[in-house]
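Please arrange chain B on chain A, whose structure you already have, making use of the hints.
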Amino acid sequence: MSYDWAWYVVPRAIPALIQGLRLTITITLVVIVLGFFLGILVAAGRLARSPLINKPVAAYIEFFRGTPALVQLVWIYYCLPIVLGLELPSFASIVVALTLNVGAFYGEAIRAGIQAVPRDQVEAADILGFHYVDKMRFVVLPQAFRIIIPVALSQSISLFKDTSLVSTLGVADLMYQARVLSTQTYRPLEILTVAALIYFMVAFPCTIATRVLELRLARARY
Amino acid sequence: MISVRRLNKRFGPLEVLRDVSLEIQQGQAVVIIGPSGSGKSTLLRCLIGLETPESGEVHVDGRPFIGRVDGERGPLRRTREFRAIQRSMGMVFQQFNLFPHLTVLQNVALAPMRVLGLRETEAHARARALLIKVGLEEKILQYPDKLSGGQKQRASIARALALEPKIMLFDEVTSALDPELIHEVLSVMKQLATDGMTMVVVTHEMGFANKVADRVIFMDQGIIVEEGPPAALFGAPREARTRAFLEKVLTHI
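Chain order of the listed sequences is A and B.
Just so we're aligned, residue 828 is where the first sequence starts under the numbering used here, counting upward by one.
Just so we're aligned, residue 3 is where the second sequence starts under the numbering used here, counting upward by one.
Just chain A, same shape as in the assembly (with noise of 0.2 angstroms):
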């Protein structure tokens, strides 16, 4: 059994896919701040003292992170005009998906990062005489970032990735392009194969940066 590569398509299908790229770029930073904020609120609200608080941030969180991406990205493109008779331009609706799912991921990395500071250090503020936000300022969060930030830009990576489910619903990112180029050419296995090359040029780099980050923060005293 042989197949006959045809990557003479392929040269042809770069700058589609190469637009396409742009726009999967734009999604992921867009959702990566964003995200960012909401798991700021996040955190802070899991680790509220009072129930009211706390456990909605957590049911939401569980119910993000305990369906599929794709569930959620679908639920809000189509049923939310539905229930809220609210019409959110295609952008826009993946873009609250996206980061109401990221929301969650990065809430509970960081979390456990304020978590992960010993309480003595807290003690120490609070003896000291600190306000509530110059503890967190100036004393919890610089280590508390140590631990969230390699856990973050992993999460990252994967929200690169998982941009990908936004073709689904008609986002023209470097998935589309490639699934319109596929069948334009009759030739999904080339164009797929490409685009995966893409996705994997951009992801691999920055996860073998995230490894050495990984590493320096883990032995660098401070």
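Just so you know, these hints were derived from the structure itself, not from any lab.
Any given hint could be a false lead.
Stated by the list, open to error - For each label pair, taking beta carbons as the anchor points, the in silico distance ranges come out as: (1) 38/B <-> 852/A: 56 to 66 angstroms; (2) 908/A <-> 83/B: 27 to 37 angstroms; (3) 1032/A <-> 16/B: 54 to 64 angstroms; (4) 83/B <-> 879/A: 28 to 38 angstroms.
Even for Gly, the Cβ is constructed at its ideal location relative to N, Cα and C.
The following block gives chain B in isolation, referenced to the frame of chain A:
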């Protein structure tokens, strides 16, 4: 200066402090000794508000620090003056608890800047002077993990002093140190006592207690068994429990 009345504290079923009452006068160095688990550290932590007792009161300078805020039956609470009073006390821990991501100078200068509102130059000048006082002028720009245990402990004493506390609490500050480093920390503490600082010191260093303390308190099983000037407590303990404890810790000298 500090007045403790009938303090009770429990962790689950364990009664850690039982009706402990205590008066500490200004300028006194009070040393608390006793076996592990006798409640010494918990008492110290109650004095500075890191633990809230089940019942009892703590007054500092005549002002209520921890007590019943709403009537006889209400729960024990931090009073409105809690923060201001807490800030008038400094505490040094067994494990130093220096901030590992800050230099020694920053460790000492941060609270004066953020809590007292000093400008950076003023705070640094104050921190530098204190670090010179504890003999760390050469380590000012180092991070804590570059310091020996004794140096870390002296840095954390400087950090506590930077807020100009009226009372200093020391919680087994030499217990985590190599024997040859204990001396350098004790001599800083001795100097503080000579300068007239009000001090409450929990320690296993009987030599320090003997030489520096104005009063020695012996605690066991959550109660104050006996107290008195060091000469009396070490020379002629009245209680059998005190004698037994002292025999154990002093025989190997």
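We went through each hint and held it up to the structure:
For residue 38/B paired with residue 852/A, a C-beta distance near 59 angstroms keeps the hint of 56 to 66 angstroms intact. With their beta carbons about 56 angstroms apart, residue 908/A and residue 83/B fall outside the hinted range of 27 to 37 angstroms. Restraint check, residue 1032/A to residue 16/B: a C-beta distance of roughly 55 angstroms satisfies the suggested window 54 to 64 angstroms. Take residue 83/B and residue 879/A: their Cβ atoms lie about 30 angstroms apart, and the range 28 to 38 angstroms holds.
Going through the hint list in order, the structure does not satisfy hint 2, though it satisfies all others.
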